[in-house]
Amino acid sequence: MIALIDYGAGNLTSVRKGFAAAGAELYTPRTPRDLNRASGVVVPGVGHFTATAALGKEWRLAIHRSLDRGIRLFGICLGQQWLFEGSEEDPHVPGLGVIKGWCRRLPPTLKVPHVGWNSLDVTRPSRLLTGIEPGTQAYFTHSYAADITPEAVATTTHAAPFASVVETDLLFGVQFHPEKSGNAGIQMLRNFVALCSPSA
Amino acid sequence: MLSKRLIACLDVRNGCVVKGVQFEGLRNAGDPAALARRYNREGIDELVILDVTATLESRQALADTIRAVSRELFIPLAVGGGIRSLDDAEAAIEAGADKVSVNSAALADPSLVTKLAARYGSQAIVVAIDAKRAEGRFAVYSRSGSTAADREAVEWAREAERRGAGEILLTSIDRDGTREGFDCELTAAVSDAVSIPVIASGGAGTFQHFLDVFTSGHADAALAASVFHYSEHAVSELKRFLADSSVPVRLRY
Chain A
1 MIALIDYGAG NLTSVRKGFA AAGAELYTPR TPRDLNRASG VVVPGVGHFT ATAALGKEWR
61 LAIHRSLDRG IRLFGICLGQ QWLFEGSEED PHVPGLGVIK GWCRRLPPTL KVPHVGWNSL
121 DVTRPSRLLT GIEPGTQAYF THSYAADITP EAVATTTHAA PFASVVETDL LFGVQFHPEK
181 SGNAGIQMLR NFVALCSPSA
Chain B
1 MLSKRLIACL DVRNGCVVKG VQFEGLRNAG DPAALARRYN REGIDELVIL DVTATLESRQ
61 ALADTIRAVS RELFIPLAVG GGIRSLDDAE AAIEAGADKV SVNSAALADP SLVTKLAARY
121 GSQAIVVAID AKRAEGRFAV YSRSGSTAAD REAVEWAREA ERRGAGEILL TSIDRDGTRE
181 GFDCELTAAV SDAVSIPVIA SGGAGTFQHF LDVFTSGHAD AALAASVFHY SEHAVSELKR
241 FLADSSVPVR LRY
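As given, the protein sequences belong to chains A and B, one line each in that order.
Counting from 1, one number per residue, gives the positions in the first sequence under the working numbering.
Counting from 1, one number per residue, gives the positions in the second sequence under the working numbering.
In silico DSS-like pairs for lysine-lysine, Cα to Cα no more than 27 Å straight-line: (1) A:K100 with A:K57; (2) B:K132 with A:K111; (3) B:K115 with A:K111.
No lab work stands behind these hints, which were simulated from the structure alone.
The structure displayed is predicted, hence computed values, not measured ones.
All chains should be modelled from the sequences, with the hints used to inform the complete structure.
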């Protein structure tokens, strides 16, 4: 089963419903040890980067261990930002650091927060974006965003371009909310679920 | 580029949509979930469920409606009408709302906005402002437009933003229900004064009205109820019209 980590950053009802529509019931690990049985790990989250401090040493170790076992990790919104080394929003709270790079505040030349539907400019083939047509838009709501690093597979521009989808062998992240991005968003969740199945 | 959003408002009372719903082929025209599905297929960007009665008895029906709509729709869903406390907000959010909209209760106690934003994050908090032109300014009204709140719309919007509101839902009382067009002057005044998105509401009658509010009104989103009911393809046709007029909209859904 795929684990959905609830560290208190926002309500997870929508994420659960989105995954249910994608054919997966997620479980919420109560302790880092509960990650031992995860076939995939989802780190959601909305709000301030400081909230990720709740994912302390034990959780980080457990997540690293699951990555070592080849378990895939999916960060959504704040969860994607947390995959990076840190965020200007709270430089004292370290990210997981599995992707080298930082999250920065979007430039004030347009309205910030960036709220609404914006397009994904897909820059290279992605398993998470399988079946997603060019020109597809996704629903964003955020003020900080990740640098465009080699892990970026799609970028989005709001005053400046940022990494809207990142992907490596085991790491996946989206700055937008797939659970609120219509059929395309559910397709992405379905893709992640498939990647976590034993046959993948 | 960020798209301009089209938001459909479902006015519900005891679990039923109350405004004239004229879609053909809907088995139960008053079923909010059926209407929401229809809008979703047409490409609506977001939904607002407004509890127009907001009585204690209607609360359970509202939660059921939110649950039914959010189970099958994967676009943002806001809920408003009678959200007076953290408990009211919690009930709506637990049922599946992504955002709650507060109006009169926030005017009575602005710290409610601060508390809600601290608990759920700014992205979940919409402050609804009902404004009316009065002596060259925009006066704010509470209690569904019945009571002058002794506030000015631009100033109240700024305070709401400072307190952590994520969006402003701005309704022109003068235009509401007239189908004469949005109050673009009011919308631009508020939109230019804040950094958070402003949703224009009240007065939508034609496609041109939407174009006007997105251009001269500087609106980030526009909300309507009845105008989307008139024809089966109103939302998709409106989006085509806006796209042809160089307004960025979401066309693939």
